[in-house]
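Residue numbers (the numbering used here), protein chains in the order written: chain A, 1 to 227; chain B, 1 to 159.
Careful, some of the hints might be misleading.
[Unchecked claim] Here are some, though not all, of the chain B residues that point toward chain A, as calculated from beta-carbon distances under 7 Å: (1) P26; (2) S51; (3) F70; (4) D130.
Simulated from the structure, these hints should not be mistaken for lab results. Being a predicted model, the structure only gives us computed values, none of them experimental. Glycine is no exception: its CB is placed at the ideal position from the N, C-alpha and C atoms.
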Amino acid sequence: EFLATPTIPPTTDPPNHAVESNVYNVASLVARNSSQMVVHSLHIFDRKGKTLFSKTYSKAAAIGQQQLRQTSQGPAEEDPVDEQRKLVFGMLFSLRELVGSLAPEGEKGGLHSIRTGASTLHNYETLSGVRFAMYTTNDVGGADASSSSRRSSAAAESNVSVRDALRHIYTELWVESVIKSPLYRPGEMSTVGQRSSGSGGGDAFDIRSTNFEKKLDSFLQSMPWFR
Amino acid sequence: MAPLHLFIVNKSGGLIHHRPLGPKAPQIGTNEWLRIGSTFHSLHAIAAEASPVRLPGNKNPYGADDGIEFIEAGGLVLCCLQTRTGVKFVVTAEPGTPELDLMLREIYVLYSDCALKDPFYELEMPIRTDLFTSAVDALLEQLESRNTKSSADRPIVRF
Numbered sequence: 001e002f003l004a005t006p007t008i009p010p011t012t013d014p015p016n017h018a019v020e021s022n023v024y025n026v027a028s029l030v031a032r033n034s035s036q037m038v039v040h041s042l043h044i045f046d047r048k049g050k051t052l053f054s055k056t057y058s059k060a061a062a063i064g065q066q067q068l069r070q071t072s073q074g075p076a077e078e079d080p081v082d083e084q085r086k087l088v089f090g091m092l093f094s095l096r097e098l099v100g101s102l103a104p105e106g107e108k109g110g111l112h113s114i115r116t117g118a119s120t121l122h123n124y125e126t127l128s129g130v131r132f133a134m135y136t137t138n139d140v141g142g143a144d145a146s147s148s149s150r151r152s153s154a155a156a157e158s159n160v161s162v163r164d165a166l167r168h169i170y171t172e173l174w175v176e177s178v179i180k181s182p183l184y185r186p187g188e189m190s191t192v193g194q195r196s197s198g199s200g201g202g203d204a205f206d207i208r209s210t211n212f213e214k215k216l217d218s219f220l221q222s223m224p225w226f227r
Numbered sequence: 001m002a003p004l005h006l007f008i009v010n011k012s013g014g015l016i017h018h019r020p021l022g023p024k025a026p027q028i029g030t031n032e033w034l035r036i037g038s039t040f041h042s043l044h045a046i047a048a049e050a051s052p053v054r055l056p057g058n059k060n061p062y063g064a065d066d067g068i069e070f071i072e073a074g075g076l077v078l079c080c081l082q083t084r085t086g087v088k089f090v091v092t093a094e095p096g097t098p099e100l101d102l103m104l105r106e107i108y109v110l111y112s113d114c115a116l117k118d119p120f121y122e123l124e125m126p127i128r129t130d131l132f133t134s135a136v137d138a139l140l141e142q143l144e145s146r147n148t149k150s151s152a153d154r155p156i157v158r159f
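Generate coordinates for the entire structure from the input sequences, incorporating the hints supplied.
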């Protein structure tokens, strides 16, 4: 007698989550609860500023990118989204110098997060100079002005958890999938936005040949704060 | 748990005031302060542009242009208040220092009371008013005693 094996429901996420395979749809289930964060995008830069990986998750960020392309007035070959990524890298680079000169003696001035009114940028930089930069919404742990200290400690906690996630993405996903790939050659990675016009581009290591993106997506979806 | 530096940048990016706020503040020369002020001014605006989503009209709820509000780094936090006129009040502190945004708003009030109402003060020029300096000293003392007494309902008494 064949007994149907019971399906084991996912332990962490709500039921409709398992059905969605399209990341955009999952990310667009923006929580009604305003204290939950939404991940906008993730960028990975090498030490020279080239984009190794970039992905947009939230609907708002995708719309922003579209608007950027439509309203850009620059020359036709320059992708405005590319330019925006260069801005992100430049900002991370310069701000690291800035906080380095402002920090007290004996403190390593590594840049952790930058918050503006529109979003928060979380940054994790490795010893080899690879930067993992993730844009999220601002975590609002209570909009009451008198509880600003409580709000800032709640925000600080969630910033730490995003930073832990970025470190996990580096150590468990990036190193395992990309660096340890037998095809990997340091210094010859194909970069995002580069027109592969045959300048040795055929030998460059393409991240799409690994399963980094799939692993990244499933890791992010398993995070309780990723919506 | 202590504030480190205060600096104020005018709307063109020039530094108009800088001072240490505590004993642990690192020594920074004047030239480097000028460089820090103008670098921060540009990066403040770049941060809003680099963001994947933007506020409507790029204005935050206070009516000022959106930009960097808070930076967390190893061993340092930085809090910035940009006013509608483009003046930026920036304070750096050790991580965990409470009520930095409150401090900045109070310093903004002191700026408008001491510097702007000074008949000899020229707009966008460096602030050399003694009244402003002593008022900021008094504010720091009050905030410090407020935090050590942990009496949250004690009002900020201005000079």
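A quick look at each hint next to the structure:
The closest approach between the C-beta of B/P26 and any C-beta of chain A is roughly 5 Å, which is under the 7 Å cut-off, so the hint is satisfied. Restraint check, B/S51 versus chain A: the minimum CB separation of about 5 Å is within 7 Å; hint holds. Checking B/F70 against chain A by beta carbon gives a least distance of about 4 Å; that is within 7 Å, so the hint holds. Contact between B/D130 and chain A, as hinted, is not supported at the beta carbon level, the nearest pair being about 26 Å apart and thus beyond 7 Å.
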